[in-house]
Amino acid sequence: MGLLSDPNRRRALINLLTRLNAPICVVCYMAGVAWFMGLAFEPFTLRTYMSENAMGSTMVEERFPSGERAVATGREFAAHKKKVSGMPVEWLVKTMQARGLEVYTQRFSRTLPFPDENKERYMVKGTNVYGILRAPRAPRTEALVLSAPCTPGDNNNQAVGLLLGLAQYFRNQIYWAKDIIFLVNDHDLIGMQAWLEGYHHTNTTGMDWSPLQGRGGSIQAALSLELSSDVVTSMDLVLEGLNGQLPNLDLANLFYAFCQKIGVLCTIQGKLQRNDWDSVSGYSHAVQTMMLMVMKQASGRPWGDHGLFLRYHIEAATIKGINSFRQYKTDATTIGRLLEGMYRKLNNLLERLHQSYFFYLMPSLSHFVSIGYYMPAFGLLAVILLLRALDLWVQLATPPPTTEDGIADIEQVRHAHSSSPGVLSVLTPLVISHLTGAALYMLPIRFQEMAVEHFPVSETEAVVLTAIAVYTLLTIIGTEQGWRVLKLVALLYLAVLLGCTALINFSLGFILALTLVPAAAFVTPHVPKVLSAFVLVILSPACTLLFSVFFFQELQEMPVSFLDGWLLYLSVISQGILDHFLYGSLVYPLIALLVYPCWLLFWNILFWK
Amino acid sequence: HYAAAQKQAEPAVLQPTPQPKDDFQEELVVRPLHSGDIYASFQFRTLWETDFMRGNKVSHYRLFPKSLGQVISKFSVRELHISFTQGYWRTMQWGQPYLPSPPGAELWVWFQDSVTDVDATWKELTNVLSGIFCASLNFIDSTNTVQPSASFKPLGIGNVTDHRFLRYATLPREIVCTENLTPWKKLLPCGSKAGLAVLLKSEKLFHSSFHSQAVHIRPVCQDWQCKTTSWELRQTLNVVFDLHNSGQGKREWSLFKMFSRTLTEACPLASSSKIYIDITDNPEQFELSPATSLLSQAMVLGDRRTFSVYDLTQQDTFGSVRSLNLLIRWKSTEGDMLRPLLHAERYVAGYGLQTGEIHTLMYNHHPYRSFPVLLLDSVPWYLRLYIHTLTVTSKGKDNKPSYIHYQPSKDRVRPHLLEMLVQLPPNSVTEVTVQFERALLKWTEYTPDPNHGFYVGSSVISSLVPSTVAMDTNSTRERPLFSSFFPCKEESSYFVRVYTEPLLVNLPTPDFSMPYNVICLTCTVVAVGYGSLYNLLTRSFQIEEPSPGLAKRIANVIRKMRGVPPL
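One line per chain: the protein sequences are P and E, in this order.
Going by UniProt numbering, the first sequence opens with residue 1, and the numbers climb by one from there.
Going by UniProt numbering, the second sequence opens with residue 1, and the numbers climb by one from there.
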């Protein structure tokens with residue numbers, strides 16, 4: 001700061017920054033990307049370790065014996081499910097009661113804003129069934145949740161079977177200090193949302209549900225189980241929740257520790273861990289795993305039923321059983337023992353999980369990148385915006401070459417600003433682009449009916465196409481003066497916007513920064529219009545999403561053709577809008593109300609006359 | 001019950017050799033629960049005709065524990081009720097308990113109206129009791145003590161109801177274990193050496209679903225004329241054993257299975273020693289062995305119950321093996337439990353660490369009668385209640401309480417106290433909601449485990465509930481017709497106290513694991529960032545003349561000494 005209070009040295013520094021602005025920006029961008037890619041390199045990451053004392057040192061012995069019976073119960077459940085073609089509520093209630101649980105049901109109904117074509121649902125009605133194992137001599141203040149979704153078709157029957165088997169086994173144990181809630185939720189996430197809203201008596205999304213009769217106090221942790229085969233080859237851990245929230249890292253550590261102890265193959269993002277980090281393929285494997293996590297987190301949607309718990313400050317994860325062609329199989333007893341061990345350790349918790357990290361990326365299950373390591377990658381990108389803004393600021397301020405020092409400059413700038421019509425001319429594009437953003441946010445739902453009437457498209461397509469139409473049609477706006485002021489404002493706006501986004505959801509912020517920062521940095525009215533317009537469109541949020549869809553498919557080793565990719569793209573947009581209306585995901589409003597208007601500002605600058 | 005006491009109630013003043021004016025009774029009530037669990041309730045009652053007050057120095061103690069007697073006289077206690085409970089009574093599965101108590105420790109005391117500084121006496125008393133019962137009662141201070149205006153009336157004789165002399169406090173966090181049981185057992189005349197108390201083995205008592213022990217001291221009438229009073233000490237212990245945890249799922253209970261002991265004798269000091277088994281549903285449901293012919297009927301909690309009685313003072317109760325091991329075996333699991341007419345639950349609604357809402361639900365399961373309940377809520381000061389958001393609704397309609405007593409909290413001094421008299425409509429749920437804001441504590445005020453959360457004690461719901469016997473208007477089975485048209489007064493309603501579950505609320509908590517980082521970062525930001533920015537913004541910069549050379553300065557000094565203006 002001494003540097004800045006000395007006017008001579010300050011001027012020298014500013015001169016340096018303005019003269020070398022472009023090269024510094026390019027270097028920063030490359031350094032940011034390189035830093036990010038380096039995060040997956042194993043020597044740069046930290047090994048995971050259990051931070052929570054209550055879970056670290058306690059030895060537990062897993063004794064769950066009745067995996068076979070659990071699988072049989074799963075089959076029985078499947079038969080009853082088929083018979084009533086839906087959730088076999090009565091059978092579940094009776095079965096849970098026979099196991100000594102306090103059983104309650106919750107009915108809910110929800111009409112989606114438009115039909116969900118992926119899951120083929122529009123008017124959703126369902127019933128959640130949950131049984132509470134009351135801990136002996138505990139005053140109903142704390143609870144743990146184990147949930148399994150009741151999915152249509154043949155999926156997840158084993159998960160419900162195992163849940164009931166564990167309930168029976170857990171019921172006979174004396175050591176529980178927290179109530180355990182066994183929840184079978186109907187219509188996966190919608191049911192889970194209804195249950196959580198009912199449990200906490202909030203209503204954030206306008207769903208209809210009947211109030212819950214029984215509760216177990218404040219929920220400390222939750223696991224959601226997905227299991228569709230009698231034996232599995234590996235267990236996959238899903239962490240990404242709503243709005244990119246992640247559970248405490250200790251939950252992942254706990255899963256990993258027990259997989260190691262019991263000898264179950266465990267994966268994250270469906271990728272096994274590899275030991276050859278020094279080889280190229282090993283490194284690219286780690287990069288793929290981390291990129292998958294980044295893409296999933298950036299999407300802001302819950303990637304399992306656990307995702308909705310995180311809003312309530314409940315640490316939760318989904319555990320998926322995966323049955324591949326590998327030779328070595330794990331049976332239900334072992335999975336039961338894995339869960340038993342995890343629950344016994346969670347039962348030992350004295351406080352909520354809080355010791356370990358909440359912000360992290362995982363290139364493998366045994367390694368993690370904490371917020372302190374990944375934030376510089378974003379910082380390097382964000383600093384470009386600030387450098388460009390500084391450059392513009394100086395350009396706006398310098399015209400009178402006679403001034404002696406920086407303070408006089410600033411005063412003159414201030415003077416110039418207040419006298420010239422600059423502020424108003426900036427305000428107009430700002431307001432118009434935000435109105436456009438608001439239109440993008442409102443219109444798709446409002447006008448879907450009209451679109452369906454006039455055009456031969458289905459409702460979902462109507463929503464998506466309206467969104468795209470709004471997006472492209474309204475982008476040609478131009479006013480006459482002061483593009484520099486506008487660009488300065490836009491740059492700062494983008495910097496604040498991305499900074500806030502990255503704090504909440506690093507992945508989303510980083511991906512947006514990757515594309516928006518170059519666009520913001522280069523655009524002026526003096527570059528070739530057609531080419532720049534093309535580049536700007538390529539770097540727009542919509543195209544970012546399109547690329548992300550293809551990239552995600554590539555990472556999952558399921559490449560798609562362009563046409564399929566386009567359809568996928570449309571469905572991703574409709575899912576994003578649905579996630580917003582059903583669960584309160586913030587990505588859609590963020591893009592529509594803030595990021596897109598910001599991008600429009602740069603579009604304005606390009607077409608400045 | 002008063003018969004024994006009355007026998008010994010002769011005027012003892014003139015007797016040269018004082019007759020024992022005290023009396024001890026013990027009993028155990030066993031209630032098989034519909035869920036297959038079993039509920040055992042011990043009661044030990046010591047009656048003593050004496051006067052601790054008015055400067056009387058009582059020095060000779062026989063049955064009454066000396067430690068408690070001294071407490072009564074030293075602190076001028078009129079009535080004392082203390083309970084330690086581990087677990088939550090599950091009203092909907094188990095019905096009403098004989099003696100309700102909230103999870104954790106509960107203490108309420110009525111002082112004599114001669115006490116001048118009640119708060120100081122209360123403070124001392126809690127510390128003394130803390131020592132007697134090996135419990136953390138010393139954590140009771142002004143921040144968790146309230147003076148309920150209506151909910152806790154004296155249970156003994158005396159009509160002073162000025163609630164200035166009442167103190168009520170709960171410690172929902174208190175954990176009850178053997179260290180509390182041992183001093184409690186030591187208060188018994190026979191200790192745990194003989195009588196029913198031999199069953200109280202901690203390894204079994206704490207292998208249960210619910211455990212509660214209590215001590216109640218109150219003055220009672222000596223006889224029906226109530227000319228003299230005597231002190232009653234009731235020690236109670238309630239325990240519920242779980243079918244699944246300890247029974248291998250077999251619906252069969254015996255004294256040995258419950259307590260891993262059998263009975264061989266009554267306490268020799270006891271004037272009565274009995275075991276009651278609630279067999280109201282017999283013989284359809286379960287069988288007893290050994291069987292007894294002694295039956296007793298009593299009105300308990302608004303219901304007419306039948307009990308099998310085993311008198312331990314009779315030698316033939318123990319049979320030829322000289323030991324009594326009662327066996328209760330279920331024959332079938334059918335039949336419905338009588339649904340409790342009143343039950344309540346409470347939870348915290350909302351998410352996030354800024355605000356929240358406390359919901360208290362009170363259920364009236366009576367099909368056609370409404371009844372009033374008194375709700376008492378004591379909420380710690382760090383949950384700042386927004387009392388203007390208080391709503392009481394039943395059946396979707398606003399239900400206006402006929403009496404509200406609210407005492408706002410003072411930060412770090414006293415808790416909120418909210419008492420309401422609410423009419424519960426028949427067959428309804430009444431919901432009481434109030435919003436609150438979570439306060440930021442000072443960093444030294446956090447408990448060692450702040451992320452566990454902070455407890456809010458149970459609400460207390462006291463009510464006169466219409467009796468189930470009175471509900472049954474067609475109960476002409478056992479009663480003569482002429483007696484059953486108008487419901488008689490005693491049976492028409494009964495007193496019930498229901499405790500809700502305590503709440504665990506998370507407060508905004510700093511990350512205590514990195515105070516050093518935080519301090520460093522904050523100091524740096526303030527010192528470097530803010531300081532120099534402020535400097536830059538407020539100071540005006542000028543280019544300074546380069547400082548004069550050394551020779552010039554020396555010359556100036558010399559010129560100054562000479563009184564010539566400097567160069």
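No wet-lab data here; the hints were simulated from the structure.
No residue lacks a Cβ here, since even glycine has one placed at the ideal position from N, Cα and C.
Misleading hints may appear alongside valid ones.
Stated by the list, open to error - The following label-pair restraints were derived from C-beta to C-beta distances:
(1) Q354(E) / K83(P): 41 to 51 Å
(2) G372(P) / R339(E): 19 to 29 Å
(3) K82(P) / M337(E): 27 to 37 Å
(4) W443(E) / V527(P): 52 to 62 Å
(5) E544(E) / R19(P): 19 to 29 Å
(6) R9(P) / Y534(E): 11 to 21 Å
(7) R339(E) / K83(P): 23 to 33 Å
(8) E544(E) / V537(P): 37 to 47 Å
(9) G396(E) / S85(P): 28 to 38 Å
(10) I445(P) / A349(E): 43 to 53 Å
(11) K83(P) / P367(E): 46 to 56 Å
Quick rundown of the hints versus the structure:
1. At about 47 Å, the CB distance of Q354(E) to K83(P) agrees with the hint of 41 to 51 Å.
2. One distance hint, 19 to 29 Å for the beta-carbon pair G372(P) and R339(E), is violated here, with the actual separation near 57 Å.
3. A C-beta distance of roughly 34 Å is found between K82(P) and M337(E), which places it inside the suggested range of 27 to 37 Å.
4. A C-beta distance of roughly 55 Å is found between W443(E) and V527(P), which places it inside the suggested range of 52 to 62 Å.
5. For E544(E) paired with R19(P), a C-beta distance near 28 Å keeps the hint of 19 to 29 Å intact.
6. At roughly 19 Å, the beta-carbon separation of R9(P) and Y534(E) lies within the given 11 to 21 Å, and the hint holds.
7. About 32 Å separates the C-beta atoms of R339(E) and K83(P), a value consistent with the hinted range of 23 to 33 Å.
8. Our hint of 37 to 47 Å for E544(E) and V537(P) is violated, since their Cβ atoms are close to 55 Å apart.
9. Checked against the hint of 28 to 38 Å, the pair G396(E) and S85(P) passes, with Cβ atoms roughly 34 Å apart.
10. For the pair I445(P) and A349(E), the beta carbons lie near 29 Å from each other, so the given range of 43 to 53 Å is not met.
11. For K83(P) paired with P367(E), a C-beta distance near 36 Å fails the hint of 46 to 56 Å.
When the structure is compared with the earlier hints, violations turn up for hints 2, 8, 10 and 11 and for no others.
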